[in-house]
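Enquirer: Starting from the known structure of chain A, fit chain B onto it as the hints suggest.
There are 2 protein chains.
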Amino acid sequence: MKRNKHLAKLKRGYLFPEIGKRKREFLEKNPDVNLISLGIGDTTEPIPPSISRAMSKAALQLGEETTYSGYGPEQGREDLRQQIAAVLYNNQVKPSEVFVSDGAKCDIGRLQLLMGDDIAVGIQDPAYPVYVDGTIMHGVTSIHFMACTPHNRFFPDISQLPPLEVIYFCSPNNPTGAVATRPQLEELVDYARRNKSILLFDTAYAAYIQDPTLPRSIFEIPGAREVAIETSSFSKIAGFTGVRLGWTVVPEELKYEDGSYVKADWNRIMTTLFNGASNIAQAGGLAILQPQGQQETTALARFYMENAQIIKSALTGLGLTVYGGDNAPYLWVDFKGRNSWEVFQELLEECHLVATPGSGFGPAGEGFMRFSAFGHREQVLEAADRLKAFSLIA
Amino acid sequence: MKRNKHLAKLKRGYLFPEIGKRKREFLEKNPDVNLISLGIGDTTEPIPPSISRAMSKAALQLGEETTYSGYGPEQGREDLRQQIAAVLYNNQVKPSEVFVSDGAKCDIGRLQLLMGDDIAVGIQDPAYPVYVDGTIMHGVTSIHFMACTPHNRFFPDISQLPPLEVIYFCSPNNPTGAVATRPQLEELVDYARRNKSILLFDTAYAAYIQDPTLPRSIFEIPGAREVAIETSSFSKIAGFTGVRLGWTVVPEELKYEDGSYVKADWNRIMTTLFNGASNIAQAGGLAILQPQGQQETTALARFYMENAQIIKSALTGLGLTVYGGDNAPYLWVDFKGRNSWEVFQELLEECHLVATPGSGFGPAGEGFMRFSAFGHREQVLEAADRLKAFSLIA
Chain A
112 MKRNKHLAKL
122 KRGYLFPEIG
132 KRKREFLEKN
142 PDVNLISLGI
152 GDTTEPIPPS
162 ISRAMSKAAL
172 QLGEETTYSG
182 YGPEQGREDL
192 RQQIAAVLYN
202 NQVKPSEVFV
212 SDGAKCDIGR
222 LQLLMGDDIA
232 VGIQDPAYPV
242 YVDGTIMHGV
252 TSIHFMACTP
262 HNRFFPDISQ
272 LPPLEVIYFC
282 SPNNPTGAVA
292 TRPQLEELVD
302 YARRNKSILL
312 FDTAYAAYIQ
322 DPTLPRSIFE
332 IPGAREVAIE
342 TSSFSKIAGF
352 TGVRLGWTVV
362 PEELKYEDGS
372 YVKADWNRIM
382 TTLFNGASNI
392 AQAGGLAILQ
402 PQGQQETTAL
412 ARFYMENAQI
422 IKSALTGLGL
432 TVYGGDNAPY
442 LWVDFKGRNS
452 WEVFQELLEE
462 CHLVATPGSG
472 FGPAGEGFMR
482 FSAFGHREQV
492 LEAADRLKAF
502 SLIA
Chain B
112 MKRNKHLAKL
122 KRGYLFPEIG
132 KRKREFLEKN
142 PDVNLISLGI
152 GDTTEPIPPS
162 ISRAMSKAAL
172 QLGEETTYSG
182 YGPEQGREDL
192 RQQIAAVLYN
202 NQVKPSEVFV
212 SDGAKCDIGR
222 LQLLMGDDIA
232 VGIQDPAYPV
242 YVDGTIMHGV
252 TSIHFMACTP
262 HNRFFPDISQ
272 LPPLEVIYFC
282 SPNNPTGAVA
292 TRPQLEELVD
302 YARRNKSILL
312 FDTAYAAYIQ
322 DPTLPRSIFE
332 IPGAREVAIE
342 TSSFSKIAGF
352 TGVRLGWTVV
362 PEELKYEDGS
372 YVKADWNRIM
382 TTLFNGASNI
392 AQAGGLAILQ
402 PQGQQETTAL
412 ARFYMENAQI
422 IKSALTGLGL
432 TVYGGDNAPY
442 LWVDFKGRNS
452 WEVFQELLEE
462 CHLVATPGSG
472 FGPAGEGFMR
482 FSAFGHREQV
492 LEAADRLKAF
502 SLIA
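Heads up: the protein sequence lines correspond to chains A and B, in order. Going by this note's numbering, 429 is the number at position 318 of the first sequence; the sequence numbering is gapless. Going by this note's numbering, 391 is the number at position 280 of the second sequence; the sequence numbering is gapless.
Pulled out of the complex, with its shape left as it was, chain A reads as follows:
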């Protein structure tokens, strides 16, 4: 069999497995070290009680004849689609536009199937690596990197963009922690409308937005329904990184340039190559959207945001400039032009801390490190103490 020739174009190793490998190598040489990871964006706190109990009950009910259920709709349980539309979108999207999935990462892979390979795609630089890798795997060769740096306040200069048929945009951003403002998103939607582009808008971190003036969804922007798909996730809201539950919103109005509707294709892709998110996870999703679940998950977000402030304070104390961390669980730290993987290695060896090299997210991330706010409080406090003693910066 011939190999998919596009696979050969991928750069070596996906970022997080590479970090895992370096961690393992270090621990093999230094088995007694107590490493603290602020690296991968993995949640650390237990799933709140009303939610874990709902899933526990759903699992038991699958063992009873009267409450057993098999295949659900590939698009997700109807009541969950309704609750997502109502609670998270204030009914500004319809339940029939919400497609429940096993997570945003998996949906991003499937979203590639909507588009041809002869298109120009815009991707933020730095960005979550899956956008670039997924695009390349599916044969797209024209990728325009939109640098997002302190110089442009982490928002690309839209007036300088070439015509792009697809734009990936993530806000709150992974890795920079930047959140696009309403005027910025209006500019982005305006560009997409003028250029007949489709925005693939990723809001996996929307639950961390504290400032009420910042949009939590692209659909808060007038006109977005004709140009945007939004993909999101329960992973970071409720500690569901291992449970796997997310969703994608495809508005009815959204069309390809040939006038056909995108939602019909998305439905075809999801019914053909996907079989629904786990029914136990979906029971958990419903619990998240109940008043008690909302209360518990809001408290969880607040906890992680306190972590962010603790780490931020330690890093700024070293004289470093720190972005993000106010409306996102990521801190984006300027290491003044130093090589990211070198800083990674120094943090690992000197402080026994794992952070993520900015260059792993794209060329414009070189010189930066991403610190995640996910961690047990005592570990975050210990990490902050270790950072304060980080010699290479002093």
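Because the hints were derived from the structure by calculation, they are not lab data. All values derive from a computational prediction rather than experimental measurement. Take these hints with a grain of salt, some might be off.
Note that the list lumps identical chains together, so a pair holds whenever it fits in one copy or between two copies.
In the DSS-like style, the derived pairs of lysine-lysine whose C-alpha atoms are separated by at most 27 angstroms in a straight line are [said to hold, decoys possible]:
#1 K374 / K116
#2 K307 / K113
#3 K113 / K366
#4 K447 / K120
Expert: Coordinates of chain B only, in the frame set by chain A:
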């Protein structure tokens, strides 16, 4: 944005949504009818107690600080990979070759990414529609349909096959219920070795094989490790159709024609575009593979196979020739050249029974109907009674 031009080549509607639509339309006109479905291959019996309890416990443990876990390895829990290799493959495959997933259907979608689009693909006719649709969506245009009919005992004439780079093969087969024998699979592996093809072997129904001389895995055939990938599922073994858990085995030896290793690419695809199966479902998978779980699921398979015999007996009583149902939960019934959708409609309207039109699985399925053995016993008995009165056959 330009539409993926391959999506326009798909035939209207995926089979099962189409059946669902016809069912709904019928029930709207006849709301008091008690429909019995032997259509979609959905499990109906509760998940056995040791397995549902294990998942219930896993969900509660995610709510505790000491037992919480977030992202697992994208390839699946190490202990689950070990147990699959040990219990289901008698350690004839390595744990590192087992990739746990959210189901065979989803893996089939991702498997497309291994191959280029300029290849010739062989697919059984009739077949599970996802092979053809997934192949078309990914841009492959050369599909060779291998007719599997009573005339060739549901096994294609290998000596007549053109050179094919990929062959999808499902045994026990959905929809025909045929199980390939050891000599047949030896012939298939031999073809693949001579033509440097890759076999994508689907064993989602292996747990239903009663005859101990029939292979449950392609890896029981010498030489298969150099030519085959096997994808399988817990869906039909343990009532996991809604829970979502499966796996794919990619042997270390398997190479592309350029000499590079397929397993490395599969690992890249799974780590980049997938995020692991739900950890609660994986806890259930582990329970399935314990002695108690094995006992319970063996009893479950036996129950469904008794259903198969009840339906088979009713259908043969009508003078129909019935294939399958002895080592697979599907019966493939020859309606003597009649149009499948017409028979579907007559069964729906006269008997209030839902079966699946054979033509929905490919042109060679025309004239046949698939009856599934999944159902509560009292409904299966009632279905058998209704079939005995089916006038159009008498």
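Enquirer: Hints broken by the structure, by number, lowest first?
Expert: 4
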